[in-house]
Amino acid sequence: MKTVLLSGAAVLALSLPAIADVAAAKAIVDQYSQLPSFETPGEPFDARSCMADKKMFVIPLTSANPFNEAISQGFRDAAEMVGFEIRTWETQLDPAGWIQGINTAVAEGYDLIDLQGGVPPEFLVPQITEARNAGLKVTATHNYDATTQNAPEYLDGAANTDYVTVGRIIGAWTVMQTEGKVNAIIIGSDEVTPTAPLKDAIIDTIAEMGDGATTQYFNVPVADWATKIQTTVQSALLADPSINYVIPIYDSMSQFAAPAIQIAGSSAKIVSFNGTPFVLDMMRDGDVVEMNVGESLGWVGMAGADANMRLLCDQEPVGTLNTPAYVFTDANVETAGNPANFNDGYGDVHIEAFRQLWQLD
Amino acid sequence: MNMTPSDPATRAREEELTKRIAALEAKLSAIESTRAAPLKDWKTVLERGGLVMAWGLLILILGAFRPEQMFAWNSYATMLGSNAMIVVLTLALMIPLVAGDFDLSVAATMGLSSMLIGVLNVKMGLDIGPAVLLAVASGAVIGAANAFFTLYFGIHSLIVTLGSGYFVAGLILWASNSNTIAGISMDLVNVVILTRFLGVPLAFYYAAALTGVIWYVFQYTSMGRRLLFVGLGREVAKLSGVDVFRLRAGAFIASGIVAAIAGVLYTGMRGAADPSSALAFLLPAFAAAFLGSTTIYPGRFNAPGAIIAVYFLSTGIMGLNFLGVDSFVQNLFYGGGLILAVSVSQLIRGRKPMD
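Each protein sequence line maps, in turn, to chains P and Z. My numbering applies: residue 1 is where the first sequence begins, and numbers increase by one. My numbering applies: residue 1 is where the second sequence begins, and numbers increase by one.
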């Protein structure tokens with residue numbers, strides 16, 4: 001009954017005349033097509049003297065992933081600038097490896113453990129509790145959404161990413177390109193923490209700014225990307241050839257979505273998030289990938305290190321990474337390098353800004 | 001192999017071996033003739049063609065719900081092309097299975113072949129032709145290594161190929177620096193998926209041709225027949241003078257080469273190579289190989305059965321996608337479909353235990 005009422009309301013809402021807000025969409029895209037600027041995350045503080053006797057331990061989701069490795073490098077760069085000891089734990093996407101990392105950090109007297117780039121803290125509550133009882137602080141960098149999700153209370157802090165803004169940029173792009181006539185399929189992985197806010201923001205933005213726009217969402221778990229994304233996208237395109245956008249919310253999915261578009265003979269375009277180098281290469285070399293929202297991962301690492309240092313130095317806590325989202329298209333993809341990498345194209349305004357913030361000069 | 005016997009004793013032994021092989025061939029033919037027996041026998045028809053009929057039924061059932069898509073040629077043209085590399089991977093798996101050996105390293109071999117093309121063509125600027133040849137050669141090397149450890153040391157193939165699969169997966173991560181490589185020559189993409197015949201990407205025809213070749217080898221060449229003897233009974237084959245060592249080694253090497261060809265198709269389909277996704281195709285290939293062994297030549301692994309099984313399963317997945325069901329239903333179909341189909345086939349065969 002409830003369903004009937006709800007769908008009745010949906011039909012009513014759909015039947016109301018909608019006007020595409022292309023100007024608003026364009027304003028969002030334009031804003032994030034500008035080179036990123038630095039917004040200070042907090043007051044300047046004397047990081048060098050505060051951190052002199054402190055050690056940080058970083059556990060990435062996996063070391064076999066360039067994304068996590070690039071963030072770890074940002075952490076190491078920050079540690080070198082400030083002059084404190086840091087260790088990056090080698091893991092291969094396995095809970096046993098994460099647990100061993102936490103135990104090592106406790107045994108070797110580190111001051112802070114950072115679960116970096118997607119290590120799910122909820123899998124590690126007993127170990128986190130043990131580490132905190134031993135006096136260490138435990139944080140998560142680049143895992144939760146900054147506006148719709150809260151870090152759990154068993155963490156000392158979390159530096160989060162603004163996935164809602166990313167989703168709004170992607171949604172706005174499709175509205176701008178189609179004058180509001182978006183017919184998009186969105187593919188996400190529900191078990192990944194930021195999937196819900198990211199895909200909701202995309203769907204809401206398209207509904208809000210589009211004109212008679214339609215979206216369909218498909219959940220494909222990460223373990224099934226290789227076997228299911230292509231068949232899912234292919235079938236959707238065959239069932240509805242008028243689909244004009246395929247939005248794999250994490251851009252590494254593009255390698256499976258792009259062949260589906262080609263085999264189905266569709267002219268749909270891919271827009272996505274992450275700024276992963278090979279996807280930027282696909283954009284530069286082909287026509288299927290049209291736009292990608294990226295963020296400088298070296299900057300993410302430095303901002304994560306900044307948030308952790310503030311926690312250790314009794315400064316005001318930082319909840320959101322100040323790394324801005326940035327729009328890559330054919331017009332500026334060359335600036336990301338050839339072949340592309342995770343750090344080029346965003347400028348390096350953050351390096352000097354962090355130096356000043358940490359009072360290194 | 002065919003040295004002239006130097007003395008009567010050797011000649012007598014040769015003759016004796018020839019007789020034994022003839023006896024084995026007779027035995028195999030006897031088994032197959034009961035299988036291939038008069039098609040008027042409904043049971044035999046069901047046994048051999050059951051999966052094909054189930055495939056047709058599946059299309060009709062799904063078509064009842066989504067006729068405009070399930071009865072459109074374009075849907076099948078697309079599906080035939082995009083699953084071609086799974087057909088080839090299943091064939092790779094099937095060859096050692098015929099001889100009674102497992103090769104768990106086929107998916108990793110496919111991944112290494114794909115990544116080698118990426119590294120050689122994009123990173124090192126080698127032309128796509130030589131890059132493909134080197135990739136295929138890498139499959140032969142892995143197959144030879146599997147053969148060496150399995151046969152020389154007498155280790156079970158499951159253990160050796162489990163290890164070599166992990167090892168190769170490590171090589172891929174190392175060679176690629178954990179990166180996905182895009183921008184592989186469009187020449188390869190063109191000859192794999194962009195060029196079509198009757199609307200179907202060329203990849204399908206390569207897979208179909210390979211299926212035909214493997215079917216011919218097992219059906220009509222003495223090498224293929226002997227490999228079947230090895231599968232039927234390794235010791236008996238050995239006592240009958242079949243060079244079991246050489247044949248099993250050959251099966252591993254052929255498996256490696258065919259898996260590497262699957263890697264070439266996988267790369268051509270995407271124009272990209274990534275360090276891990278190929279591994280996800282190992283279990284689907286096993287499922288198809290086992291399902292394929294229940295049809296056409298029921299009771300033994302066979303190439304036509306394998307290709308039918310792959311497309312039976314992918315037709316189901318395509319239909320479920322058209323119906324818009326959740327992702328988990330695909331797993332239910334894949335797993336449930338495999339067990340159900342094999343069970344039905346066993347009922348028809350009078351529940352004779354499978355080896």
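Hints listed in this document are in silico derivations from the structure and should not be mistaken for laboratory results. Just so we're clear, the structure is a prediction, and the values are computed from it rather than from any experiment. Ideal placement from N, C-alpha and C gives every residue a C-beta, glycine not left out. There could be a bad hint or two in this list.
Stated by the list, open to error - Just a few of them, taken from the derived set where beta-carbon distance is under 7 Å, the chain P residues facing chain Z:
| hint | residue |
| --- | --- |
| 1 | ASN150 |
| 2 | PRO152 |
| 3 | GLU153 |
| 4 | ASN219 |
| 5 | VAL222 |
| 6 | THR231 |
| 7 | MET282 |
Claimed, not checked - Simulated restraints on C-beta separations:
| hint | chain 1 | residue 1 | chain 2 | residue 2 | range |
| --- | --- | --- | --- | --- | --- |
| 8 | P | GLU108 | Z | ASP243 | 56 to 62 Å |
| 9 | P | ASN332 | Z | ILE339 | 33 to 39 Å |
| 10 | P | ALA331 | Z | TYR216 | 52 to 58 Å |
| 11 | Z | ASN190 | P | THR148 | 58 to 64 Å |
| 12 | P | ALA331 | Z | TYR166 | 39 to 45 Å |
| 13 | Z | TRP73 | P | THR329 | 32 to 38 Å |
Item checked: Violated constraints from the hint list, given by number and in increasing order -> Violated hints (numbers, rising): 1, 2, 3, 5, 9, 11; every other hint is consistent with the structure.
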